[in-house]
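Chain order of the listed sequences is A and B. Going by this note's numbering, the first residue of the first sequence is number 96, and it counts up by one from there. Going by this note's numbering, the first residue of the second sequence is number 163, and it counts up by one from there.
None of these hints come from the bench; they were simulated from the model. Just so it is clear, the structure is predicted and the values come from calculations on it, not from any experiment. Even glycine gets a Cβ: it sits at the ideal position worked out from N, Cα and C. Incorrect hints may have been included.
A few chain A residues facing chain B, derived, Cβ under 7 Å [unchecked claim]: (1) TRP141; (2) PRO144; (3) ILE147; (4) PHE148; (5) ASN151; (6) TYR152; (7) VAL184; (8) GLU186; (9) PRO222; (10) THR224; (11) ASP240; (12) LYS241; (13) SER242; (14) ARG254; (15) LEU256.
Here's the letter readout for the chains.
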Amino acid sequence: MKKKRVLIPVIIAVVAVIVCIIIFGSNGNENSNNTTSIEPSSNNNWVSPGKIFVENYVPGKGVMLEVQIHNGNPTPTEFSVGYRYPDQVAEGYSKPTGVSDWVQIGERFPVIEAHGTYTVPVWLHMPSTAKPPGNKWEFWIGVIDKSQTDTVITELAVRILVTMK
Amino acid sequence: MKKKIIIASLVLAVLLLSLVSTVVSATDITITATPSYVSFSSAPTTWTLNGITGDSKIDVNTTYYANPLGDTTAPSTTVADGECQFTWTNDSSVNINIYVDCGSFTGGDADMTNSGTGSNGATTYGAYAWYSGMTYANKVVVKSSGSSALYTTTTPGEDKKWGAEILTRTDAWTGGTSSTATMTITATEV
């Protein structure tokens with residue numbers, strides 16, 4: 096009987112801990128960046144990754160993202176890297192009205208060596224007083240090969256999907 | 163004994179609350195990315211209105227198609243490969259969506275801005291894009307930005323023929339110098 100009385104609070108505590116872990120999760124590393132990339136043909140331009148998810152984002156905090164750009168040309172080539180208002184967003188995500196000032200590109204016009212790959216840092220920093228466009232919102236980072244001088248050009252875009260805490 | 167159980171429960175409750183706050187504060191910003199790359203091409207890289215089979219001179223209030231069968235020939239009810247001037251290739255490791263935007267015609271005497279509706283006006287042009295195999299009536303409006311996806315879920319390695327059309331402005335040209343616009347084909351991971 097005595098044992099039982101001691102065990103009751105312990106059992107309650109253990110159950111509570113398990114419930115907490117299930118509800119709040121256990122992987123809470125700030126800015127954990129699991130970006131990896133696969134190298135495709137060196138003769139094609141490419142960007143990596145295709146999508147970056149930023150979760151539990153809080154106004155006032157800054158995060159650094161990385162966009163890899165590969166120059167598939169046989170000569171050094173200038174690329175433009177910039178905030179891109181998305182043509183469309185994922186279901187459940189809002190379009191990013193007024194957020195362009197929150198996105199800073201580390202290098203807007205990198206010149207990448209022939210068949211070289213370059214990593215451009217992108218900082219997302221929403222002011223602490225700013226109002227997010229929604230609980231979930233999306234913006235793009237557009238990458239254009241500036242050696243394209245014709246009238247039909249291609250752009251590669253990285254999707255950034257943000258979920259507020 | 164009851165008193166002891168109550169005290170023990172209270173102590174545990176306090177510990178529990180501090181544990182909850184610790185876990186909540188530890189759930190900070192996480193950044194995850196899929197191990198993928200996006201790569202694609204589209205060719206040819208030029209399009210002159212009325213310049214595929216025509217003499218490159220354009221009239222007002224006229225629709226010009228990126229159609230190898232004729233600059234003023236509309237595609238069939240179901241668009242065929244041979245009616246598409248361009249081909250895109252998905253060289254990505256993942257499925258991609260394709261978007262087509264087109265800016266203003268500037269620098270000449272045929273300047274006009276994109277109406278964003280597909281229709282033309284006094285100083286505006288209308289534009290659409292389509293691809294082989296689609297029902298032509300479902301063609302997608304080409305805007306200066308924010309166009310709907312022309313094609314979703316293009317698979318890795320897939321080639322697709324596509325074309326576009328532009329309905330020139332209704333007002334007369336101011337002279338004979340040509341204007342140019344840039345059509346941008348954007349690829350994103352699905």
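request  = Tell me, in ascending order, the numbers of any earlier hints that this structure violates.
outcome  = 7, 8, 9, 10, 11, 12, 13, 15
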